[in-house]
Amino acid sequence: MSAQQPPPPHRPHTPGAPAGPGVPWGFAQPQPREVTPGYRRQAAILTWSAIVVGALMAVALVVSVVFLVRADQDTRNAAYGYLALVLWVGIAAGIPVLLALAITGARMRRRVREQQG
0 MSAQQPPPPH RPHTPGAPAG PGVPWGFAQP QPREVTPGYR RQAAILTWSA
50 IVVGALMAVA LVVSVVFLVR ADQDTRNAAY GYLALVLWVG IAAGIPVLLA
100 LAITGARMRR RVREQQG
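0 is the number of the first residue of the sequence shown in numbering that gives the first Met the number 0; add one for each residue after it.
Just so you know, the hints here were simulated from the structure itself, not pulled from any lab data. For each residue, glycine too, the CB sits at the ideal point set by N, CA and C. Heads up, some of the hints might be wrong.
With beta-carbon atoms standing in for the labels, derived distance ranges [said to hold, decoys possible]:
1. 62 <-> 95: 45 to 55 Å
2. 5 <-> 99: 49 to 59 Å
3. 102 <-> 65: 25 to 35 Å
4. 74 <-> 37: 50 to 60 Å
5. 96 <-> 71: 42 to 52 Å
6. 77 <-> 98: 32 to 42 Å
7. 115 <-> 93: 24 to 34 Å
8. 31 <-> 60: 52 to 62 Å
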């Protein structure tokens, strides 16, 4: 083994920054970018997409209940029960899509409103 000590850990130094810990000198909070017409258009598209997906899911729920009632009335219509199950799977698969569209659209619309007012 060598009697030499290992070098101290490297601490990068930013020019113009104080050497001690804490916030570097010259740090500024990032400013939000300007809301462009394309951003507004995307916000509107996402919002309306969420509305359309939600409406389709509501219609699918009503149709699935109608299918279940029809399947329950007669054993020859048992296939309607399976169609109702397929619709429920579609609704369950659509919930994350609906949430993604609605949350993103709402955040974008809020940012557009804050920028305007």
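Here is how each hint holds up against the structure:
no., hint, verdict
1, 62 <-> 95: 45 to 55 Å, "violated, 21 Å"
2, 5 <-> 99: 49 to 59 Å, "holds, 50 Å"
3, 102 <-> 65: 25 to 35 Å, "holds, 31 Å"
4, 74 <-> 37: 50 to 60 Å, "holds, 56 Å"
5, 96 <-> 71: 42 to 52 Å, "violated, 30 Å"
6, 77 <-> 98: 32 to 42 Å, "holds, 33 Å"
7, 115 <-> 93: 24 to 34 Å, "holds, 32 Å"
8, 31 <-> 60: 52 to 62 Å, "violated, 39 Å"
Comparing the model with each earlier hint shows violations of hints 1, 5, 8; every other hint is respected.
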